[in-house]
Every structure is written in C-alpha cells, then in structure tokens.
Amino acid sequence: MSDKTIEASAVFNKLASLYAQKYMDVSGYSESLDIFGKLINNSNGTVLEIGCGPGNITRYLLNKFPELKFFGIDLAPEMISIARSLNPEAEFEVMDCRKINMIPTKFNAVLCGFCLPYLSRQEAIQLISDSAVKLNTEGVIYISTMEDHNSKSGYVSGSTGDQIYMNYHEFGYLKEALLKANMELLYENVCHWLLIL
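First residue of the sequence shown: 1, per my numbering; consecutive thereafter.
If you're looking for bench data, these hints aren't it; they were derived computationally from the structure. We put the CB at the ideal spot given by N, CA and C, even for glycine. Errors might be hidden in some of the hints.
Simulated pairs of lysine-lysine, DSS-like, Cα-Cα distance not exceeding 30 Å [said to hold, decoys possible]:
1. Lys38 with Lys22
2. Lys106 with Lys180
3. Lys99 with Lys4
4. Lys69 with Lys99
5. Lys4 with Lys22
6. Lys69 with Lys175
7. Lys14 with Lys4
8. Lys64 with Lys22
9. Lys69 with Lys106
10. Lys106 with Lys134
11. Lys38 with Lys106
12. Lys64 with Lys134
13. Lys22 with Lys99
14. Lys69 with Lys38
15. Lys180 with Lys4
16. Lys106 with Lys4
17. Lys14 with Lys99
18. Lys152 with Lys14
19. Lys180 with Lys99
20. Lys175 with Lys4
21. Lys99 with Lys38
22. Lys134 with Lys4
23. Lys106 with Lys175
24. Lys69 with Lys180
Restraint ranges, calculated between C-beta atoms of paired labels, are given here [as the list claims (entries may be wrong)]:
25. Asn44 with Gly161: 43 to 49 Å
26. Gly28 with Ser129: 25 to 31 Å
27. Glu188 with Glu138: 18 to 24 Å
28. Gln122 with Gln163: 20 to 26 Å
29. Leu186 with Gln163: 31 to 37 Å
30. Asn44 with Asp162: 37 to 43 Å
31. Gln122 with Lys69: 30 to 36 Å
32. Leu18 with Pro104: 32 to 38 Å
33. Glu188 with Ser85: 30 to 36 Å
34. Gln163 with Asp96: 16 to 22 Å
With the hints as extra help, turn the sequences into a complete structure.
Pasting the structure below:
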C-alpha cells in the first residue's frame, strides 16, 4: 500500500518554486489569520506550523505579529528551503506531521494551514489529537482544509500533469475530534478554493 502523504510531499518538493509563486498571497485567509494572530499575540507566543510549505503563512503572520516565535515543519525539503529564506527569524525542519509527538516542546498555538488535504480521515483526526497535546494551557489551533464528503477524496492532476491524492474532510468529524481533544470552536469560515499546480 502506498503512502499518499509521502507521494504528495514528493510532488510538492518537485514543484516548490512553482507553488510558492502561485500561492504566496494568503489574503483570502487574512481575516482568519488575523484572528488567530490576535489570540496568541504576546511576547512569548510560540507557534508550531504544520505543513508550512514555502512559509507564506509564517511570513504573513510575522509581518503583523513580529514577536511570535515560529517552528515550522514540512515533509518537502525544497519547501523548507524556501520557508527559511523567506523567514530567517523562524525555525524550520523537515518532518512528517504524523510524528509531531516526537517534538519535545509545547506551544501557545498550532497552525495547520494546508496540511489536512494530504492526510486521510484517520490521520487528520489523529493530527488534531496530537496537536492538542502539543499546546500549552489555553493554546489555540488553526485548521484550514478542503471541506467536502470524504468519499470524494481521490487523485487529482495539476497543470504539470503531476498527480496527488486529495483528501476532502467533513466539518462534522473534524469538529468532533476538536471537542474530543477538549478544544472549543472559536471561529469558523467556509471558503471555496481550487488548488491547481
């Protein structure tokens, strides 16, 4: 059985520069990111960014909240390279998001901007649980994903012809996972986007 997350990271590694060019602008998410930043904005605000990609969200938040301390992870080394060059004040490491329990540190916030579409339903639920454990008291989790019936998940091709397995997630089971992890839903917003590489 193939590991669809590893397959997706290989495609993102190959297309990291193209992805960074096309998706650096996060203005479509600025409202929710601003709310997130305000919830954690303090002199000791630490953020674990899961699936940080080229560091576009990191850069946006550091521009608005420069006192935040970021530790970003991504499975694609080229994405990490771009993130480091864009955000020299932050720390980044190549790491599988399914292994965040190996990180010894706790954080004020966990940011998962664009990772869930590359995780199965069970992996997404587990990531929420693992993320909650990584939080300090009164910590905040930010999750963004492609919302639809999980049964619609499957391989998609971008403009380059490369295929990745896209997992759609249902709000109901994600919310249930958050509540089970003793989290409270503070903000919800539904946007409709299409990822084409």
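Evaluated hints:
1. Lys38 with Lys22: holds (27 Å)
2. Lys106 with Lys180: Between Lys106 and Lys180 the Cα gap is close to 19 Å, so the pair holds against 30 Å.
3. Lys99 with Lys4: Between Lys99 and Lys4 the Cα gap is close to 16 Å, so the pair holds against 30 Å.
4. Lys69 with Lys99: Holds, at roughly 21 Å.
5. Lys4 with Lys22: holds (23 Å)
6. Lys69 with Lys175: holds (27 Å)
7. Lys14 with Lys4: Cα-Cα ~15 Å, so holds.
8. Lys64 with Lys22: holds (22 Å)
9. Lys69 with Lys106: holds (12 Å)
10. Lys106 with Lys134: holds (5 Å)
11. Lys38 with Lys106: holds (19 Å)
12. Lys64 with Lys134: Holds, at about 24 Å.
13. Lys22 with Lys99: holds (28 Å)
14. Lys69 with Lys38: holds (14 Å)
15. Lys180 with Lys4: holds (26 Å)
16. Lys106 with Lys4: OK: Lys106 and Lys4 at ~28 Å, within 30 Å.
17. Lys14 with Lys99: OK: Lys14 and Lys99 at ~22 Å, within 30 Å.
18. Lys152 with Lys14: Given pair Lys152, Lys14 holds - Cα atoms ~26 Å apart, limit 30 Å.
19. Lys180 with Lys99: Judged against 30 Å, a Cα distance of about 20 Å means the pair holds.
20. Lys175 with Lys4: holds (24 Å)
21. Lys99 with Lys38: Distance of about 28 Å is within 30 Å: holds.
22. Lys134 with Lys4: Judged against 30 Å, a Cα distance of about 25 Å means the pair holds.
23. Lys106 with Lys175: holds (22 Å)
24. Lys69 with Lys180: Roughly 28 Å between the alpha carbons, so the hint for Lys69 and Lys180 holds.
25. Asn44 with Gly161: 43 to 49 Å: The hint (43 to 49 Å, Cβ to Cβ) holds, given that Asn44 and Gly161 are roughly 46 Å apart.
26. Gly28 with Ser129: 25 to 31 Å: holds (28 Å)
27. Glu188 with Glu138: 18 to 24 Å: For Glu138 against Glu188, whose Cβ atoms are near 19 Å apart, the range 18 to 24 Å holds.
28. Gln122 with Gln163: 20 to 26 Å: Taking Cβ atoms as reference, Gln122 and Gln163 lie about 22 Å apart, which means the hint holds.
29. Leu186 with Gln163: 31 to 37 Å: holds (36 Å)
30. Asn44 with Asp162: 37 to 43 Å: holds (41 Å)
31. Gln122 with Lys69: 30 to 36 Å: holds (31 Å)
32. Leu18 with Pro104: 32 to 38 Å: holds (35 Å)
33. Glu188 with Ser85: 30 to 36 Å: Because 34 Å falls inside the window, the suggested range holds.
34. Gln163 with Asp96: 16 to 22 Å: Since Gln163 and Asp96 have Cβ atoms about 20 Å apart, the given range 16 to 22 Å holds.
When held up to the earlier numbered hints, the structure conflicts with none and fits them all.
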